[in-house]
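Visitor: What follows is the residue order along each chain.
Protein chains: 6
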Amino acid sequence: MDNDFEKMAKELKTFGPMMVQNPYCGIPTFFGLPFSENCEDLDIALVGVPFDLGVTNRSGARLGPREIRNQSRTVGAYNHHAKMTPCSSYRIADVGDVSFRTVYDLKEALEDIREFYRDLSSRGITPITAGGDHSITFPILQATARSEKAGLVHFDSHCDTAPPIHGSGLQHGSPIRNAVESGLVDPERTVQVGIRGSSEVLWRFSYESGMRVIHIEEFYELGWKNVVKEIRELMGDSPVYVSFDTDCLDPAFAPGTGTPVAGGMSTFEALQTLRGLSGLNVIGGDVVEVCPPYDPAGITALAGATVMFEILCLAAGSPALK
Amino acid sequence: MDNDFEKMAKELKTFGPMMVQNPYCGIPTFFGLPFSENCEDLDIALVGVPFDLGVTNRSGARLGPREIRNQSRTVGAYNHHAKMTPCSSYRIADVGDVSFRTVYDLKEALEDIREFYRDLSSRGITPITAGGDHSITFPILQATARSEKAGLVHFDSHCDTAPPIHGSGLQHGSPIRNAVESGLVDPERTVQVGIRGSSEVLWRFSYESGMRVIHIEEFYELGWKNVVKEIRELMGDSPVYVSFDTDCLDPAFAPGTGTPVAGGMSTFEALQTLRGLSGLNVIGGDVVEVCPPYDPAGITALAGATVMFEILCLAAGSPALK
Amino acid sequence: MDNDFEKMAKELKTFGPMMVQNPYCGIPTFFGLPFSENCEDLDIALVGVPFDLGVTNRSGARLGPREIRNQSRTVGAYNHHAKMTPCSSYRIADVGDVSFRTVYDLKEALEDIREFYRDLSSRGITPITAGGDHSITFPILQATARSEKAGLVHFDSHCDTAPPIHGSGLQHGSPIRNAVESGLVDPERTVQVGIRGSSEVLWRFSYESGMRVIHIEEFYELGWKNVVKEIRELMGDSPVYVSFDTDCLDPAFAPGTGTPVAGGMSTFEALQTLRGLSGLNVIGGDVVEVCPPYDPAGITALAGATVMFEILCLAAGSPALK
Amino acid sequence: MDNDFEKMAKELKTFGPMMVQNPYCGIPTFFGLPFSENCEDLDIALVGVPFDLGVTNRSGARLGPREIRNQSRTVGAYNHHAKMTPCSSYRIADVGDVSFRTVYDLKEALEDIREFYRDLSSRGITPITAGGDHSITFPILQATARSEKAGLVHFDSHCDTAPPIHGSGLQHGSPIRNAVESGLVDPERTVQVGIRGSSEVLWRFSYESGMRVIHIEEFYELGWKNVVKEIRELMGDSPVYVSFDTDCLDPAFAPGTGTPVAGGMSTFEALQTLRGLSGLNVIGGDVVEVCPPYDPAGITALAGATVMFEILCLAAGSPALK
Amino acid sequence: MDNDFEKMAKELKTFGPMMVQNPYCGIPTFFGLPFSENCEDLDIALVGVPFDLGVTNRSGARLGPREIRNQSRTVGAYNHHAKMTPCSSYRIADVGDVSFRTVYDLKEALEDIREFYRDLSSRGITPITAGGDHSITFPILQATARSEKAGLVHFDSHCDTAPPIHGSGLQHGSPIRNAVESGLVDPERTVQVGIRGSSEVLWRFSYESGMRVIHIEEFYELGWKNVVKEIRELMGDSPVYVSFDTDCLDPAFAPGTGTPVAGGMSTFEALQTLRGLSGLNVIGGDVVEVCPPYDPAGITALAGATVMFEILCLAAGSPALK
Amino acid sequence: MDNDFEKMAKELKTFGPMMVQNPYCGIPTFFGLPFSENCEDLDIALVGVPFDLGVTNRSGARLGPREIRNQSRTVGAYNHHAKMTPCSSYRIADVGDVSFRTVYDLKEALEDIREFYRDLSSRGITPITAGGDHSITFPILQATARSEKAGLVHFDSHCDTAPPIHGSGLQHGSPIRNAVESGLVDPERTVQVGIRGSSEVLWRFSYESGMRVIHIEEFYELGWKNVVKEIRELMGDSPVYVSFDTDCLDPAFAPGTGTPVAGGMSTFEALQTLRGLSGLNVIGGDVVEVCPPYDPAGITALAGATVMFEILCLAAGSPALK
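Residue numbers (our numbering), protein chains in the order written: chain L, 49 to 370; chain E, 49 to 370; chain X, 49 to 370; chain Z, 49 to 370; chain Y, 49 to 370; chain H, 49 to 370.
Treat the hints with caution; some may be incorrect.
No copy is singled out in the list; a pair is fine if it fits within one copy or between any two copies.
Derived SDA-like pairs (lysine to any residue); straight-line CA-CA distance at most 25 Å [unchecked claim]: (1) K197 to S84; (2) K370 to S246; (3) K370 to G327; (4) K197 to K277; (5) K155 to Q69; (6) K155 to I213; (7) K155 to N105.
Think of the hints as simulated: they come from the structure by calculation, not from any bench.
Here the structure is a predicted model, which means the values were calculated and not measured.
Just chain L, with the same shape it has in the complex (with noise of 0.2 Å):
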């Protein structure tokens, strides 16, 4: 027998009350964890940016958090591959949505986010983000990226390197590059995994910074056992960002995002790829770009609470909390 079910009774036993109630019932916060609005005292912050300004397609990310929490209820408390109940180890939270001055002014925008987690970096709290759409990450990275710069796990279908285009260098295509070029993401320690689609000409940067870009056909010639190896090896023992956005997974299996890219990897392999990637020096994640008014039947955002499941189960895990 592989489980040890005393533990794992005893673990829930401190958070029951998720075992009790039905998931369609109360007010929905991620995993039925309590809502901590002040942020006091925790190891882990879970955090919603309900924010879409970034897009270049269609709208409607600015409702992922809300359907994220939803779907969320029947997604953990435990860990089956990392044998692993994070919520009674660790000090953890939903800690609400960023609240924003403007959502009018993507620079603006993006700086009320930035505030919002240097507030939970200045606290020594790890985020864990429900999005939004992908330029969040820049600002998150700005506040959450320490003295080391960080290493970059990101799961994507596009390279989002692109130069300034449509009107401004802030906008979703954009925020690895940001991020490389303001000093907080070490491009040679970046792998961009379930690359696709036909704008290979905007990606120029990822090639010369020198990140590791791992089209999809690529990911299947490897499997995806040889890429967490190859990520494990670069990545090493430094602090490490896992970004992940759901237009990796093929439409398929996350139909309600922006802008999806056909011929993507299944949520089986994404899931695989990330559990692999456990004992990793972890300092944050997000998972962004769930569109909700595109997914009818709510798959896209099972698949996100459960990949924000894993996420946190990678920081829960890694050697930078304890």
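Add chains E, X, Z, Y and H to chain L, keeping to what the hints say.
Guide: This is chains E, X, Z, Y and H only, laid out in the frame that chain L set:
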């Protein structure tokens, strides 16, 4: 000018957050009001009853409270018709959802509901409820009806006075009969508005017990103003409970309900009828049968939230509260 | 008390199963009535015509009969307005769908329909139909109209008296013209109710042949009671066919139709107009253009089933049947 | 007979293709009219503004022009009420969408819109617009309002005269205030029709500046004919702009909008009110806030296209054009 | 050539109607087979159980049988893998739905199901079931398991061996435990395939009783061929029941289910695993948890119908039938 | 670095507008390419065939071209696999939709299609088509196949080599048989990929005429690389037509199709197989059976647009074009 803006502005200052944050942000509570699980020091409690065990047709109303909360974020705080900002005059909170020992036995589950409301009742709190299917109204009335029998203003396409059918006398087709037979509601001060469809044979009890049944064709023949007049005369100063089954609305206005019946009233007409009841001695009320799986654009939950706010304002304007 | 419950109860005893079984159970037939493929010993036959080859815009009405059957399970058996339980007074059955030799040639397919109804007609059975697009009304009339020309009560947003367009004179924009030109329908006893939209130029035939065209604005100007009065005067005691194109309803009430036109009547208004026709010499009727792929919550099929039941009751109350 | 078919037929000859091709065929333009990117030699330009940066609630109106074009293919060419075929009397074309330098800064984006319309204005072309959110009306008015202040007929559930909120004075809750404060619109010749909901406190400016605010309950109290009469008197012969926010309609008629408010008018009532304005000196108009992601059956875009055609006919019948 | 067309053609002659009528026509039965309410002279009965009282999360599976019937019309009659036309070799019919005395008490309702299947069992008919939620498998097994304990091939994302939770030991999380504890199923010949998610703590019974639990990651590690091999070895010649919970599939393949879990197998992989079981001594089977309200395009019901046909073919090819 | 960015950038300069305008803006053409109704001076024509008269099951594919155009705006211009920007090397345009004299007679309508393509063929233009149902492939081949019989790479779940069924030999189940019987396609150079389902008895012709039928289970057994190898060997240097029926994909990847069959391949696997065909002598191709009414999130149209772009690139890389 018919609005006292200074007063509004002052009242809303205490209610400020809602005007600052966009409605898609934050953990959703009814009308963005504070969440208060312990129900302390309240005048009015907003309650969710995520329950649909009592339905005879399509299930799904268990998700009603969640979606009514979501849609309610653009509803309230000010009531233009009553010139009232209830939340600045009274202590009102979202007290969360009834929790159940079981949801697998209709009889026992209704007892759980009754106990929840008895607790509110013992503290003198007026309950306003978002269901859930209509079977919940009987246990709510068991807890809410006081020494004096309640009058009942009942919006519905069905009379809900059926004898036991489909194997139960507690399902959602019989709550009004149960309330009368239990001596909680005065049938001669009961008005049923919007009745239609093919189940007339089941509703003999309405006629025999002396209820005022206003079929939809009579509703249009009289006009809502005369319906209001008749209700007010019948209710007088005695205590009144308001039960609003969403299927009184035409399916165009409320597709998301379990047992829709074609040929109903518009949301505007229902709202005007409700508004006409201001000043009655309202001791509680509910909105039931919002069934989100059949509500692809959310308009039923929005109508439900709007009706719930009107009933909240009736309760806030009731002599019962003063 | 305006209901004779003893009589209802007695009548329903023979119709008992429907009151016992929940409406989502069992193989769906129209109103839960018996299925009778051989059509023996019937007074009225309920027929499905799963056909949409005749449309000029969106297809999908071929699925109309299936969804009308599904939704019809909560409709009937008692008609509160007519004080009638047609199924206990007459032999009425669901006789299934017209089967086609071909559905790839409009002309031949309409002949298949005609032959199906000729068989019913030869046995003296009154047909009530769920379509299908409106092109089916012409072959039904070919079989149903008897020695005397039929009057026609025609609910629609289009006059359907177009000359041949889009390459055919048999498509769903011309059935009424065809019926008149074939001598089946008396244009001077034809009333077209709910007309609107931009195709006026196609409907010259309506005016030139002497039909009474009631545009939607005139419908509201007169009120449904006066419309009923006018129809009754025009129809007298002569045979009448009732054809109800779902798009006479506003798209709010009937989104699931192939050629919706904004600005129509409500389901209630249509039902009241229909109910006003009781006692006319109705020899058959149809509900057409219910198009389920555009009906996400099923409200159009429900409206269609409700209208079909009213027409069934008109037929059951017709002197033609006695 | 009230239709001049010979005239219609003749006019439509020049407009023939639309009668030949089924509406689901071909590249969709507004009403199937020619596409003319260079805007040369036009009387009236039909413009799309695919933009929703200004919303305070749900985004998605950026897809409005595309779906209004799709649904418009069954709308027009003849207007039965005005006895008019505008496209055969005037040079009218779909001139495509406003293109943006940026969509990431509300202020700059609105300037792009203004410049686009200034170009049209400088050529004497009357613009009819499909939005987009309501923030676009301010820059359109900046370009369209001429020497004389414009009167404004404004259909909406919100007054849109809010002070700066949610961090901006340019978002979709304030365009009418901005237009008045900029001296473009005469508040004393501004009528706001269909107003309702809970935001009254934000609209003090409407009352203080002298606008005529017709709440939905007053709209029903007066009836649309009296509303028309009052508007006509107020507008006189002076220039008038017509702005139609889709959320003036009840969510049953227009579920696909960003900020729906329960209890609104029907599409028919809105259309009749619009039709009543024929002959006014209309210098432009818009339909805004059609939000396709919440419009599963397309009925909101259809209502929007129908309203757009009526406004087009108002412009075509305006003395301004002659 | 690997197909014996002469044989197929001959077999299908007796099964002709299905090849003639288009699949959207006629009253829907499972695979277009005859309807036989009295169950006389059958080898295999296809049963619907429209029931979802046992769910712990989203309801709606009560509509499963209806939609599986609808989608099944394009599935069957020939099985290319088994080279079998079961309906021409055996007497197989759709026997309709279980009817319930009550659906308001889980315990009593399950007794109704048990009695229905006891009747089938007493006539020696093999039942193949379309649910309904998974709680129905326990009463089916009570009626179907014979003198010898049954082996169980169980596809699911959950082990369904929970102790009493949410107030009941009969809800859909416990049927497999109940069957083992009642001595109906041999846990050591029970294989659970596709397991995943966060509820591991609830499934201790699976491990302690000796079941073979194949988590989804082991399923992919082994490959379906090895899974098949292992199952066949474990089952041997003894009787086997096959229970297929739709949520074993990834939500991409089966969005329409009550408790979806991200990261599952594809429909192809499930079908191949099922096909690998041909020749086992299959005594019955079910497909459960198809929940149409969350299945906007019908793909889950289609997958369910396809799985149901494979299980039907397993039963038809079972030595149990000969 | 495996991308020649200088070359890409230069090529895209001529194709600039698409990189500037957001994809939800403007009149939608295939891949944002120019619209050219007169087809002058083209190498490749992108054609829409809005037609679904040939279906045996659900209709709706007539809306395929419109939605493929909409979704295609995020697809192309660069092909990362072929290192190709076809639109900068060849004259390629969207030439609009086939227009029909009639859509009410399958035989005549197919003749209209044939004539449209004969015109293209006479000018030496390679046609790439977005359907429409699969019946259109026969008339396209009549116009496109030249002196030498074409080889055929056919992705589908059905062989489409049925004898006349449901009253016609031209419906969408028979085009491949028709093409072979008419001497247009060489059955011995025909590969059918992805075949599955229950209609094997209808496809005898495939086997008897010598086609290579690769059922889905063999596709997975071989792997796409070996399938590619086999196709390339069979095709050699002779002309090849590529016909892609969307239902070759699993319904998870392509819910929006008329006759879905569970258990198909993923979009990625289909794309890789297509990409493997580069360099073959491709003379034309089509994507058919995208059926938008069953595609609520648009993922099928997106997959269709992506496949269409791959086929376009095959044509652009074909020796036929040089």
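Visitor: Of the hints stated earlier, which fail here?
Guide: The structure conflicts with hint 1 only, although it agrees with all the remaining ones.
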